[in-house]
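Visitor: Residue numbers (our numbering), protein chains in the order written: chain A, 1 to 261; chain B, 1001 to 1288.
Treat the hints as calculated values from the structure; they're not laboratory data.
Among the clues, some could well be false.
Said to hold, decoys possible - Okay, derived cross-link-like pairs now, DSSO-like style, lysine-lysine, Cα gap no bigger than 27 Å in a straight line: (1) A:Lys236 / A:Lys131; (2) A:Lys259 / A:Lys106; (3) A:Lys66 / A:Lys106; (4) B:Lys1175 / A:Lys190; (5) A:Lys221 / B:Lys1175; (6) A:Lys131 / A:Lys142; (7) A:Lys142 / A:Lys112; (8) A:Lys236 / B:Lys1175; (9) A:Lys131 / A:Lys78.
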Amino acid sequence: MTYQKMFTAAAIAALLVAAGCGGGEKKEEAAKEAAPAAGGPVTKVDPATAATITGKVSFAGKAPAKRPILMDAEPDCKGLHATPAYVEEVVANANGTLANVFVYVKAGLEGKNFEPASTPVMLDQQGCIYKPHVIGVRIGQKLSVSNSDPTTHNVHPMPKANREWNQSQPPKGQPIEKEFARPEVMIAVKCNVHPWMRSYIGVVEHPFYAVTGDTGAFEIKGLPPGDYTLEAWHEKFGTAEQKVTLATSATQTVEFSFKGE
Amino acid sequence: MHRGLHRYAVFTACATFCLIIAGALVTSNEAGLAVPDWPLSYGSLTPPWVGNIRYEHGHRMVATFVGMLTIGLVYWLWRREERRWVRRLGFIALGAVIAQGVLGGITVLFLLPTLVSVGHACLAQTFFCITVTLALVTSERWNQPLEGSSPWTLPALTTLSIFLQLAMGAALRHKGFGIIPHLIGAGVVTVMVMATLYRVLSRHSTQRALVQPAAILAVLLVAQLLLGAGSYIVREATRDAAQPLPFMVWTTVAHVATGALTLACSVWLTLVCWLLHRREGQAVPIAA
Ligand SMILES: [Cu+2]
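So here's chain A without its partners, still in its complex pose (with noise of 0.2 Å):
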């Protein structure tokens, strides 16, 4: 082989190579589009037995610094904001509570199905910040997003369990219409346009969770009487998990805490 068919053979090869990668990941994204449809009949919970969970999600210790945003170079988003921006990453309450945690129902629940939801969850764009920062949204439900701003935003959720898309919208553009077919806590909300931008969003197969807000409190109602494991997810903690047993109509406490530096 002389050096010129050699180069050549290398030259083409690396191409090949490079072009086969782009082919991989197409079977594995179709195989998300499919959803797993949760058959069976609708469980009726009955109003005079069910249970409800409150609690709250204490938080120990310091909260990191909080993390500015650097705006100067979009004056569409920096023109919303009277005070400096900051990220939303760990929200400490005054009270000693911690918000954007997502509580839900973990286990339990098994072979159950409910009435599905009839109300598209919404997550609109202001000032170049996902507001909320944390949502649920069930299997099937709609999602909406809309943008506030006076500005281009892409919405690209990067789930693992569903299918990942990006899509584009502009300033004070029709809502995007989405649905997740698969369970998944969390998935993460990225616009590329503002790399700040990060939301998540918890994917359930139930009605049963709740966001924790400004008093750290959650509550979730309408659970038929029985043995659960409750789970608490934090953007920055991680997660803590409590089995609770509910009897009949009971009203039960549960407090999760997470610790800080």
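Please arrange chain B with the ligand on chain A, whose structure you already have, making use of the hints.
Guide: Only chain B with the ligand this time, still in chain A's reference frame:
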């Protein structure tokens, strides 16, 4: 030799170097998916010029320019170049730049699969080396008589090690591998470059055509090692930042750009050795 052709080839290689910088800016700013569609950007050639769309669409514009330059180069080579292998290399360059564009499109449409992104980065380096080769072999100096001989196996292996090291770097950037393979690669490349430099200086110290690229290669290697350490430190220090910070971005981009120059310089040295070897017209034993 056609002087205009050589200048044009040099310009194409320089534009390609700028394209590598533009591509590195996309990755460092996490802008790869800021434009979800391809080949158009937001359904147009002039997307909204905000945020990371600037980097992604800017990269596409520079890439289009380089693509057009390449078409011109191939045409010019085809008309004026006498050496068949050089004309052929022109066509390979065209094939590479088209494949590279398509690969870039695939990374966007398939949401940045690691393998495709790394492939895109590697093909970028390959294409850059081809343009550098074309710029070199169309030069007047290339066609002047050279004296002496030098085995080209060692510089060729050095080039290969640098290419693999750039691939490891790309894999690190696109989260395919951790830092360890890239660190090992840095050690291997350092040894290879030092061995090459040693050989050139000890046996061919009077041959400027060899000493020059070997010395530049060594300088680039030192700069590259410093930039690599620097970008790692800066990246770690800004890990908690809400977004990629300009200082981190530029250190990393400088590291990527110097990597491309290091590879190109090694290709240069290899080509000169190969030329000497070829002109000698006989096989040279691979000396230890
Ligand atoms: Cu955005």
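Visitor: Please name the hints from earlier in the document that this structure breaks, with their numbers sorted from lowest to highest.
Guide: 3 and 5
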